[in-house]
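For reference, the chains in residue letters:
Protein chains: 6
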Amino acid sequence: MNPYEEKALIISEALPYIQRFSGKTVVVKYGGNAMVNDIMKNAVISDCILLSLVGINTVLVHGGGPEITAMLGKLGKETHFINGLRYTDDETMDIVQMSLAGKVNKDLVTLIARAGGRAVGLCGLDSELICAKKLDDGKNDYGYVGEITSVNTKIIEDNIRAGYIPVIATVAGGDDGHSYNVNADTAAAYIAGALGAEKLILLTDTKGVLSDKDDESTLIPKIATDEIDGYITQGIIVGGMIPKLRCCETAIRKGVHSAHIIDGRVAHSILIEMFTPGGIGTMIDNTL
Amino acid sequence: MNPYEEKALIISEALPYIQRFSGKTVVVKYGGNAMVNDIMKNAVISDCILLSLVGINTVLVHGGGPEITAMLGKLGKETHFINGLRYTDDETMDIVQMSLAGKVNKDLVTLIARAGGRAVGLCGLDSELICAKKLDDGKNDYGYVGEITSVNTKIIEDNIRAGYIPVIATVAGGDDGHSYNVNADTAAAYIAGALGAEKLILLTDTKGVLSDKDDESTLIPKIATDEIDGYITQGIIVGGMIPKLRCCETAIRKGVHSAHIIDGRVAHSILIEMFTPGGIGTMIDNTL
Amino acid sequence: MNPYEEKALIISEALPYIQRFSGKTVVVKYGGNAMVNDIMKNAVISDCILLSLVGINTVLVHGGGPEITAMLGKLGKETHFINGLRYTDDETMDIVQMSLAGKVNKDLVTLIARAGGRAVGLCGLDSELICAKKLDDGKNDYGYVGEITSVNTKIIEDNIRAGYIPVIATVAGGDDGHSYNVNADTAAAYIAGALGAEKLILLTDTKGVLSDKDDESTLIPKIATDEIDGYITQGIIVGGMIPKLRCCETAIRKGVHSAHIIDGRVAHSILIEMFTPGGIGTMIDNTL
Amino acid sequence: MNPYEEKALIISEALPYIQRFSGKTVVVKYGGNAMVNDIMKNAVISDCILLSLVGINTVLVHGGGPEITAMLGKLGKETHFINGLRYTDDETMDIVQMSLAGKVNKDLVTLIARAGGRAVGLCGLDSELICAKKLDDGKNDYGYVGEITSVNTKIIEDNIRAGYIPVIATVAGGDDGHSYNVNADTAAAYIAGALGAEKLILLTDTKGVLSDKDDESTLIPKIATDEIDGYITQGIIVGGMIPKLRCCETAIRKGVHSAHIIDGRVAHSILIEMFTPGGIGTMIDNTL
Amino acid sequence: MNPYEEKALIISEALPYIQRFSGKTVVVKYGGNAMVNDIMKNAVISDCILLSLVGINTVLVHGGGPEITAMLGKLGKETHFINGLRYTDDETMDIVQMSLAGKVNKDLVTLIARAGGRAVGLCGLDSELICAKKLDDGKNDYGYVGEITSVNTKIIEDNIRAGYIPVIATVAGGDDGHSYNVNADTAAAYIAGALGAEKLILLTDTKGVLSDKDDESTLIPKIATDEIDGYITQGIIVGGMIPKLRCCETAIRKGVHSAHIIDGRVAHSILIEMFTPGGIGTMIDNTL
Amino acid sequence: MNPYEEKALIISEALPYIQRFSGKTVVVKYGGNAMVNDIMKNAVISDCILLSLVGINTVLVHGGGPEITAMLGKLGKETHFINGLRYTDDETMDIVQMSLAGKVNKDLVTLIARAGGRAVGLCGLDSELICAKKLDDGKNDYGYVGEITSVNTKIIEDNIRAGYIPVIATVAGGDDGHSYNVNADTAAAYIAGALGAEKLILLTDTKGVLSDKDDESTLIPKIATDEIDGYITQGIIVGGMIPKLRCCETAIRKGVHSAHIIDGRVAHSILIEMFTPGGIGTMIDNTL
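Residue numbers (the numbering used here), protein chains in the order written: chain D, 1 to 288; chain U, 1 to 288; chain Y, 1 to 288; chain P, 1 to 288; chain L, 1 to 288; chain C, 1 to 288.
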């Protein structure tokens, strides 16, 4: 078999997966370090355009911690963290909004356009896409850190119908007219739930959920939502992976069919997850 | 790179080709020996469904010489050929119509359905899709061998719009109410032209157009329509390849962007032609 | 009154019937000897086009026993019947499919086109229109004789909406990928039921249901579904009329408003049934 | 052949005519004495509904001289005629408008509803359907007698598309905001022209155009527009038939395919004209 | 602030009201003396066009007592009243229908067209918009006075969708094919109910509901439907205001959000009611 | 007249203007100091929502010089101007993009949402709305200052059709994948031209074009495009007003009906311009 025949064979093997997902919705959450590497970024962009061309409604949700931190650094603005949440004063919130909705978001949209796709850059403020209220844990004041209260998907759906890939920066609007800083994973989970998505894919910079976080060979390929509490109370899953799993749980509970924590450092990991039998990373769903 | 990463990479490399052809129309002519082998047949079917899923309007046109010959054999019906054309009496025409429109056509439709696609089996008689008159070369009587007079694409377009892959048996209807036996390559060329197709792909059982028909290493990868006469008068292209090239010329003249004579014995040759940089077989177009 | 005034008067008398049925669906089952006579065939075709023009969704379902028998005869292929069902081996099934879907079906489509109508020739294999499984009565092996398991009307409805008269050959597809021979009356009843048709009209070569099958003056003009068992157990209705009545019963049970067993030997019997106060043949419905 | 078979045969003979006119537009002008007889009125209504059900866009235009005259009589209002035109003062115009748009029009609409049709009663004032200016022949003052300046068919087309038979009273609106009395035949001709109608049918109380107006056996079945001047200058066509012929000429010049002056005293004369080979009355078109 | 700045400010203050009512339906009942004054009539027309332009579906329902009375006067026709209802013989009914559907209705449509709006003049006879039966109170014969039995809003909705302001004369059709004289307020209430209107606005020639009918300073600005019985039994509301309140009650019970009895003698009272915080007249709704 | 009656009268006087502009497109350019004042900002927002509710397609284009300057100040980033253009290095371009597309744009969208409107925040990068190349005057290097090469209005039109007010930040995308800083007035003019807008409205912080720039009493209410050169060469129009006039000229040349330079410091100046006879500021159009 010459190389082109092999390539054609491989493309043809994707057919059953394309058939299964065509007409369905996939929400991809992208961020963190996977976003820094240009090659990886172009691979993510390319995957999203490909999904969209084969008839899968693709929504790209992103945060942008590194960009925010860099900008705050340039301004000499110091921020402190409480329970892992960045205390967000008025000026910080401005920087968050500008970085996410003005820089990261529109740069992604530009990349999609340059790769031949058609994208629209939205944030939670557009037509009240993401609404939030001040986070209140009864203990600390986190400033303009918000808790999502509702997601209005109409503007997403209108733009999908008109043929655009919605790229969404996770800045939310409050009832008080102020912008709020919300967790991007959580926002992606809420959006996936509100859209009745087939899949929520969280691109991270690990292989997936590991039973020993320092050993990539300990990947847990499949977790049922009912197992999550056990894994956490037994201390198997720790640290930043806990909120990520909780997001997945939320999405599944809101009706998403499966959630995936996959390795954004691997090129085309979205295609691996969606179009190959092996999949990649950890899948979370309802079934034991 | 593990195998899944490699597969995903290869799939992702198809993106620019999918982008280029999405929303366009491709007419695939399928027949002859490529049709006999079940593995090859399934590959063709799978390719057509894949094209259709990535937004390419795919039309499958077929003849079915071997089926006709087998049926005539069972009936003990002898037929003779005049200038390479089967003399087609009334009874033979019945067998042609039954074999093509009733057997080969509906079997292809069944295969598509079983592979998860949605197809509709048409022939030239449906809503006067292909109209023909008795072939008259001023010398011989070929019986119900027809010459195409017009192609009405409305029923093809209506069924594409409703989401079906049209599979078309090349039986034509005459003004006299009788069915006519028309050449399948020619019918495919007329249909491609009438649809304003991007590509006409003729699946054959050779590598393409060869400058020495007995040596597959002499493939001519690209022929401009203006070169065809030369190739023929110089005796480089001979035999059954001449009418195939004339069909391609006709299609290009009617507005098809490129025509391709490719090797139906290679699995997924349609995908190789459409989604890889190398292509396959011989391409015919307007450009020198 | 001159003849034209009389004709106009008669046409005008059809108005209330056209009003009653406009926008509704009528499934006409056509076959047997009524199909052999060309004048009668043209009258059926003409009636179907007329129904369709006055806004009635008209579906023509047909079998084609005589064509099959003739073809088998030419092949010197002997078939035997078990309980009135033709034992259908692989080769016989091919002949059935070719004759019905390739010959009878496309010839009807041609006749409709020549009469100025627009038809599409489908069979149960197109987009899985009629699905069947091997008939299993626990006693005999009938070969590829099938029992209908489901009917998918989408392709019928799509083509009605696009303005075509669907003409359907009653060949079914099995889960095993093989084609099956199914009873045309039953298929028509299932299709009428799945479409929520107003009427199922079975064109036969008798006057209708007779209380003495040898005396055409004993026509029973109206049978309620609740009376069918009684008629049969009392031996009033016998022979081939029993399965026809059972088909009508099935259709009514699936929601068809009325079923009609009418005389296909009378020209324009469909119009007589639908557009004149007298009607024709035997009507079966829910009401005593 | 029993009577029902004969009726069905006659209905079936209408098929080619229905095919020819389906999707086209017919404007029927109705008025005068044909309107007085209830049986004839019901026949006209029934014909219009039938045309509309077989897919012909049917527009009914009417005047109502007798109703106007009766109303003026009850009021003891005397009117005088100048050159055959009723001098229309303000009060007379009110009576004209009330009689046509309020009485004749809505009564026709009621009759259509009672016969199972769906009609909307419009007049030239609705959304500026018929615009007129004061008739000025440089000699006499005719009061509010108007000359049509334009016809806006949008409201007709919107209501046809929504499934209604537009019934139009020929009262026009002037630029001065006043209503104007316009000739109903002329209005029908303008409307037919503006709609690009296939046919304009003027229902009259004669057999058609006669070469001897006192001898009904002298019907001229066909007049080319180029012959009209000759017929008039030679004195063959005289009196009230002259303006009717001029209306037909106008309609043809504006693009109507044929115009017909037919006998409204014959029941279902519209159907005779449209659906029988003989036709009825006089046809005017472009061809000699 | 210069006058234009003030005007712009005032227009801008209407924004929240326009937002609240945009896409909703308002039925305006217009009649009586408010209809006589040309300035007031133009203001009503202008208000309706404005509502319609800001996206409010506006339906104008009217009676026309004064026009009817004037016409009857001209004819020297005497009518007598029984319990406040005009005894309506055949001839009177003709005058009612002609005056309402032919004169008042079409004049309003003309005024709307002249003011740049697009209106269609309908009455209860058009496509059976308002159906009625003979009023039977078990005591008196009122002739063709009708009681509404049903309202079919399809023709209203079709014309709203096509962009027209429906203007509706309150003449109803009976099962006997005769026209009936129905109360215009009641018709408006039924139409508003059937349309699921947001508001029913009755334009009258008083300030609204007064607790002392001779003292305009005693306006009751708000009445809950539950209070109506009390007001009447206590003799606070008397005379012609009682049926008007009952109409409002009917409309609210059929699902209209609020009903308003307002002063048609005040220019632009509809806009005052809808677009200013003060409102005008008396509002009736469900809330105490 | 009580105050509510006066308000209603004033609203009603806007009717002819609403009628004239309904269904047309208006591009409002907003920026500079008018943007700083919250009351004025809310008035602009409210005007845009009102225009949109009365059926006028409203597009809000904005720059944001003060926000950019403030942000650069915080960063201690010094910028210099060449010929009035800010030299834009890579880091400055980031700040421009973040401030315009991330802050000013999304804050405007939030304000519209809070005022009950539905807006989508776009910039020139979304689906390649505004394309630019590096400004090259043959003399200076301005860094990432761009010159507009094309405007693709599809994403604007898709969002208008879906019911959103497009708010557009004037950041452009280059062929090199870099973002470019373009003049907001020019971008508004190009967008208005590409949309075939009825009006381009530039909100400024002067009364309009003055013949003595220091004397607001010297407003020139109307300038024909043919007069612009004269005014400039005669030194009547000077300074920053010159490029603004050139923008208006460009827009008119591209097919916009009229351009307006109006006073953004006056509340509701957009409504004054559009809905009052006086208008405001300076109108530029084709007519002398």
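Among the hints, a few may not be true.
Put simply, identical chains are the same to the list, so a pair is met inside one copy or across any two.
To be verified - Calculated lysine-lysine pairs in the DSS-like style (CA-CA distance at most 27 Å, straight line):
1. 24 / 213
2. 24 / 133
3. 154 / 207
4. 41 / 133
5. 154 / 24
6. 222 / 77
7. 134 / 41
Worth flagging that the hints you see were computed from the coordinates, not collected in a lab.
Every value quoted in this text rests on a predicted model; they were computed, and no experiment measured them.
Outcome of the hint check:
no. : hint      : result
1   : 24 / 213  : neither (33 Å within a copy, 49 Å between copies)
2   : 24 / 133  : neither (31 Å within a copy, 31 Å between copies)
3   : 154 / 207 : neither (34 Å within a copy, 40 Å between copies)
4   : 41 / 133  : between (32 Å within a copy, 25 Å between copies)
5   : 154 / 24  : both (16 Å within a copy, 20 Å between copies)
6   : 222 / 77  : neither (42 Å within a copy, 50 Å between copies)
7   : 134 / 41  : between (32 Å within a copy, 26 Å between copies)
Violated hints for the displayed structure, listed by number in ascending order: 1, 2, 3 and 6.
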